[in-house]
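Here's the letter readout for the chains.
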Amino acid sequence: MRVLVLIQRATTPMDRWLMGVSALAILAGMFLTVSRPGQSAVVMRDNRPVLRLALDRDIRTEVEGRLGPVVIQVEQGRIRLLEHRSPRMIGTRTGWIQGAGRTAACVPCGVVIRVEGEKEVAEGDPNGFDAVSE
Amino acid sequence: MGGHGVINRRVVTFSGMIAALLLIALARGFLSPEPPGIQSETRLQMGTLVTISTWGVEKGSAQRAMNAAFEEMGRIEALMSRFMADSAIGGLNAAPRQEFLPLTEELEGVIARGLEIGRLSGGQFDIGLGPLSDLWGFSREPPPDSPPAEKKLRQWLAQRTSVTNQGIEIDAHRVRLTSASVGLDLGGIAKGYAVDRAMERLEKQGVTSALINAGGDMRIAGSKGGKPWHIGLRDPRKADGVIAVMDLTGPVSLSTSGDYERFFLVDGVRYHHILDPATAQPARSGLMSVSIQTRDSMLADALSTALFVLGEKRGLELLTQFPGSAALLIREDGTLLQTPGFIAKPKGAP
Numbered sequence: 001m002r003v004l005v006l007i008q009r010a011t012t013p014m015d016r017w018l019m020g021v022s023a024l025a026i027l028a029g030m031f032l033t034v035s036r037p038g039q040s041a042v043v044m045r046d047n048r049p050v051l052r053l054a055l056d057r058d059i060r061t062e063v064e065g066r067l068g069p070v071v072i073q074v075e076q077g078r079i080r081l082l083e084h085r086s087p088r089m090i091g092t093r094t095g096w097i098q099g100a101g102r103t104a105a106c107v108p109c110g111v112v113i114r115v116e117g118e119k120e121v122a123e124g125d126p127n128g129f130d131a132v133s134e
Numbered sequence: 001m002g003g004h005g006v007i008n009r010r011v012v013t014f015s016g017m018i019a020a021l022l023l024i025a026l027a028r029g030f031l032s033p034e035p036p037g038i039q040s041e042t043r044l045q046m047g048t049l050v051t052i053s054t055w056g057v058e059k060g061s062a063q064r065a066m067n068a069a070f071e072e073m074g075r076i077e078a079l080m081s082r083f084m085a086d087s088a089i090g091g092l093n094a095a096p097r098q099e100f101l102p103l104t105e106e107l108e109g110v111i112a113r114g115l116e117i118g119r120l121s122g123g124q125f126d127i128g129l130g131p132l133s134d135l136w137g138f139s140r141e142p143p144p145d146s147p148p149a150e151k152k153l154r155q156w157l158a159q160r161t162s163v164t165n166q167g168i169e170i171d172a173h174r175v176r177l178t179s180a181s182v183g184l185d186l187g188g189i190a191k192g193y194a195v196d197r198a199m200e201r202l203e204k205q206g207v208t209s210a211l212i213n214a215g216g217d218m219r220i221a222g223s224k225g226g227k228p229w230h231i232g233l234r235d236p237r238k239a240d241g242v243i244a245v246m247d248l249t250g251p252v253s254l255s256t257s258g259d260y261e262r263f264f265l266v267d268g269v270r271y272h273h274i275l276d277p278a279t280a281q282p283a284r285s286g287l288m289s290v291s292i293q294t295r296d297s298m299l300a301d302a303l304s305t306a307l308f309v310l311g312e313k314r315g316l317e318l319l320t321q322f323p324g325s326a327a328l329l330i331r332e333d334g335t336l337l338q339t340p341g342f343i344a345k346p347k348g349a350p
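Protein chains in written order, with the numbering used here: chain A, 1 to 134; chain B, 1 to 350.
Mixed in with the good hints, there may be bad ones.
Said to hold, decoys possible - A short list of chain B residues far from chain A (calculated; beta carbon distances all over 12 Å): (1) Glu41; (2) Gly47; (3) Leu49; (4) Ser81; (5) Leu103; (6) Thr161; (7) Asp171; (8) His230; (9) Ala244; (10) Leu337.
Unchecked claim - Taking beta-carbon pairs under 7 Å as the criterion, some of the chain B residues facing chain A (in silico): (11) Thr208; (12) Leu211; (13) Arg234.
No lab work stands behind these hints: they were computed from the structure.
Every value quoted in this text rests on a predicted model; they were computed, and no experiment measured them.
No residue lacks a Cβ here, since even glycine has one placed at the ideal position from N, Cα and C.
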């Protein structure tokens, strides 16, 4: 309480407004530095990076896979692989991915895409699996 | 003077407040740092997608450990893949029958384990089905969309010599195949073995909490800071669906074999990649998938295939030969059978 009284005596309403704005700016900065995963994705061919794509720009592009071109599409912050016909095309089964650490792959094509950042598993999310046995 | 004093006091107080806020922000980062969470990496290895995740390990150390683990899996693939002509298995399969080739202690151990499980399964788990797998071609690109000619399957059946019955001979660190109908295919056991060795490499690097998932063959060490690893079990008939949930703390291994991994449909009949050596056809045992929890990944890998081929009754009899192993079977009608010791609950259950 003494601190609050001291602040009130030592500052004008404008000072307090500035302090509030500054505090909010600092807190916003802290929040943004720790929670901005999934801003880009890396495309790997045979475990080597061949392309990096920003997820904030819609694009449709191709990389050369073992069996021919593999189409990669970015839309509204999400990314997916489009095939090439193969039941082992894990990427196609996965569909759109978003969120740090998520992957999609075309195994026979040798192509993997991974959204960059530390893998996130939301607390309390029953579907936030560390892995799926299949 | 008095006016300057008030202004100075205000500037000092204002600056002090901003400094205090900054200090709080810094202290949040430095005094109570978050323990390192999950570090993970995914690579294509052994013909599948392999993800290694560590928990509680700083990024640089985790990366070094994961690199070592992936390297180990690559070494085993180069040794045991039947699709690599220069691998030990590729060389053995290509060699003239009856010709002895040298056998490393490591490979001898894996083959011996496969033969042991094969004998206990009455020959239904068979590591010598390379030529039959080639006939069906599930590993081909493009994949098959129709069964092989019936005549070819009958020929293979007529010539078949089981590896558990003189199809393979091991003698003083040498090995030979005795029949053209036999070719080693360690697909039902080598991936599990590689996962075991990869986990050893992680542990040697000081990692105590980790999960390795090699296309469904998993090995788990420790927990995530006291919380179990949260694993989903795929619904056999919904590609993106999960039918059960497993909260597992290591050490434990988990492997699932199902009729949905590689398959095609002809006139509503499902032809999948898990072959029954007694019929030369995809196994029709009344099951859609089998999951095994046990101590090591090689055993889990082999048992999930063996139980799938054997079916419920004979499969569960085989399971009793391996204390500490438990199974979850999903029957063709969608019902689940969970043996004691298998940790799982239906998805959505509290």
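Flag every earlier hint the structure violates by its number, smallest first. 1, 2, 3, 8, 9, 11
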